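Asker: Protein chains in written order, with my numbering: chain A, 1 to 253; chain C, 1 to 144.
Simulated from the structure, these hints should not be mistaken for laboratory data.
The model shown is predicted, which means the values in this text are computed figures rather than measured ones.
The reader is advised that the hints may include incorrect statements.
As the list claims (entries may be wrong) - Under the rule of at most 20 Å between Cα atoms (straight-line distance), these lysine to any residue pairs were calculated in the SDA-like manner: (1) Lys70(A) - Gly13(C); (2) Lys70(A) - Arg17(C); (3) Lys70(A) - Arg67(C); (4) Lys70(A) - Glu28(C); (5) Lys70(A) - Leu66(C); (6) Lys70(A) - Glu70(C); (7) Lys70(A) - Pro18(C); (8) Lys70(A) - Val36(C); (9) Lys70(A) - Thr64(C); (10) Lys70(A) - Asp140(A); (11) Lys70(A) - Asp104(A); (12) Lys70(A) - Pro20(A); (13) Lys70(A) - Val131(A); (14) Lys70(A) - Thr23(A); (15) Lys70(A) - Asp32(C); (16) Lys70(A) - Ser95(A); (17) Lys70(A) - Gly22(C).
Said to hold, decoys possible - If you anchor each label on the Cβ, the simulated ranges turn out as follows: (18) Gly13(C) - Arg217(A): 32 to 38 Å; (19) Thr10(A) - Leu23(C): 40 to 46 Å; (20) Gly13(C) - Pro37(A): 39 to 45 Å; (21) Arg61(A) - Pro18(C): 52 to 58 Å; (22) Ala93(A) - Asp63(C): 49 to 55 Å; (23) Asp25(C) - Ala93(A): 52 to 58 Å; (24) Gly13(C) - Pro27(A): 42 to 48 Å; (25) Arg62(A) - Asp63(C): 43 to 49 Å; (26) Asp76(C) - Asp215(A): 31 to 37 Å; (27) Asp76(C) - Glu219(A): 40 to 46 Å; (28) Gly13(C) - Pro154(A): 41 to 47 Å.
Stated by the list, open to error - Facing chain A, from chain C, some residues (calculated, C-beta under 7 Å): (29) Tyr14; (30) Glu16; (31) Arg17; (32) Leu23; (33) Lys33; (34) Val36; (35) Ala39; (36) Tyr40; (37) Val41; (38) Val62; (39) Thr72.
We put the beta carbon where it would ideally sit given N, CA and C, even for glycine.
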Amino acid sequence: MEVEAGEELTTGWCVYGVVPAHTGRVPNDLTGIDDAPLDLVVHGDIAAVVGEMQLERPPGRRADLMAYSKVVDALADAGPVVPVRFGSVLPDADSIVEAVLAPDEPLFVDLLDQLVGRRQFIVRAAYHDEVALTEIVRSDPGVAALRAHTRDLPEDAAYADRVRLGELVARAMEAKVEVDAEILADAIVPFTAAHRVTLGSGADNLVTVAVLVDDDRREEFEEQLEGLAEAVHERIRLQLIGPSAPYDFVGEA
Amino acid sequence: MSIQPTQRRAGGGYLERPAPSGLADVIEIILDKGIVIDAYVRVSLVGIELLTIDARIVIASVDTYLRFAEATNRLDLLEQGGGKPLDEFIGNMQESGAGRKVKGAVSGAKKAITGGGSDDDEDDDDSSRRRPAKKSSSRRRSEA
């Protein structure tokens with residue numbers, strides 16, 4: 001349903017995240033989108049972190065995204081936070097209580113409980129250039145034969161064979177990614193409190209694993225990743241990003 | 001302080017720890033993440049959704065097949081090192097749990113702490129929200 005913002009409404013309240021009410025403070029020097037000071041809208045045990053935002057301007061600038069990211073990560077540095085999806089704006093404090101906090105208070109309380117003392121990291125794995133393709137050609141006689149047949153022919157010749165070659169390679173890549181992603185995930189997951197695996201295409205991304213790590217296991221987790229990165233470095237490069245706010249572990253209201 | 005700056009640990013050094021300072025990194029980390037509320041206005045990023053779509057290669061298409069074929073034919077196999085299976089590398093690790101094959105770890109990923117759906121499901125749900133990048137520029141709507 002399309003709703004036109006009436007002329008009387010030129011500002012709204014951007015909701016950044018939900019925190020436990022008892023933490024009670026937003027860092028003083030922290031400002032949000034439009035450099036707006038941040039405020040808390042409290043309801044029972046939880047509070048929404050909000051900032052005023054102009055509505056009559058082009059939305060979704062780069063600066064807005066960076067400001068949002070800065071606020072949510074700063075909140076996560078200070079304690080548990082449930083990030084609210086970027087760009088969620090409500091007209092006033094009452095509507096934040098009525099539409100956001102009150103209906104799902106138990107859910108927020110439960111989520112915040114589970115996020116205490118835990119931070120999110122993202123582990124990203126990618127094959128080094130051509131490693132996966134080379135392995136596929138070496139291990140699959142069908143691929144090798146089609147490759148030998150098509151590689152010295154002109155572009156417009158053997159079209160069907162080239163499509164067939166590509167299809168075989170794509171399938172082999174998919175299978176390879178599944179196997180390697182599972183092995184990598186198995187090495188990581190025992191050190192985490194929760195995880196989400198997103199398989200890549202193999203071409204420039206093997207797998208992305210978002211993990212939630214207990215603070216008191218963080219060192220152990222990072223050491224494990226160091227060891228893993230070293231063990232696989234001939235084929236795969238591993239990146240560890242974070243800690244960040246638990247964007248991947250809050251589900252949907 | 002928010003996301004911590006790049007820090008390479010003294011030992012090893014194989015693990016890359018980039019600081020996600022660029023827009024692309026931040027987008028990957030936060031776009032379409034976080035809890036969805038019934039917002040009065042939802043600000044979308046102008047034009048940026050397209051980037052995330054482009055990053056997803058559609059495996060099953062003739063174009064993709066031809067790209068794979070071309071990349072395969074470009075390979076110079078003589079220059080490439082041998083391809084040991086990944087679990088052999090991992091088998092060298094002494095860590096508990098490291099080389100162990102745990103069945104269903106990938107499907108276990110579907111269990112986020114919320115018990116929410118799998119990533120695949122989420123992607124499906126997201127496609128409708130990602131697609132209208134043009135519309136989103138000044139879209140105002142209630143998500144009723």
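Asker: For Lys70(A) and Gly13(C), compute the direct alpha-carbon distance and say whether it is at most 20 Å.
Answerer: violated, 28 Å
Asker: Going by Cβ atoms only, is Tyr40(C) closer than 7 Å to chain A?
Answerer: Interface hint status for Tyr40(C): holds (5 Å vs cutoff 7 Å).
Asker: Holds or violated: 39 to 45 Å for the Cβ distance of Gly13(C) and Pro37(A)?
Answerer: holds, 42 Å
Asker: Holds or violated: 43 to 49 Å for the Cβ distance of Arg62(A) and Asp63(C)?
Answerer: Since Arg62(A) and Asp63(C) have Cβ atoms about 31 Å apart, the given range 43 to 49 Å is violated.
Asker: Is the shortest C-beta separation between Val36(C) and chain A less than 7 Å?
Answerer: Holds, because the Cβ-Cβ distance from Val36(C) to chain A comes to roughly 5 Å (cut-off 7 Å).
Asker: Given the hinted pair Lys70(A) and Thr64(C), is their Cα-Cα distance within 20 Å?
Answerer: violated, 37 Å
Asker: If you draw a straight line from the CA of Lys70(A) to the CA of Thr23(A), is it 20 Å or shorter?
Answerer: holds, 19 Å
Asker: Does the structure keep Lys70(A) and Asp140(A) at a Cα separation of 20 Å or less?
Answerer: violated, 48 Å
Asker: Look at the Cβ atoms of Gly13(C) and Pro154(A) and judge whether their distance stays inside 41 to 47 Å.
Answerer: holds, 46 Å
Asker: Taking only the CA atoms, is the gap from Lys70(A) to Gly22(C) under or equal to 20 Å?
Answerer: holds, 13 Å
Asker: Hint check: Lys70(A) vs Pro18(C), CA-CA at most 20 Å. Holds or violated?
Answerer: Distance of about 17 Å is within 20 Å: holds.
Asker: Between the alpha carbons of Lys70(A) and Val131(A), is the straight-line distance 20 Å or under?
Answerer: Since the Cα atoms of Lys70(A) and Val131(A) sit roughly 37 Å apart, the hinted pair is violated (cutoff 20 Å).
Checked against the numbered hints above, the structure breaks hints 1, 3, 5, 6, 9, 10, 11, 13, 16, 18, 19, 21, 23, 24, 25 and 26 and satisfies the rest.
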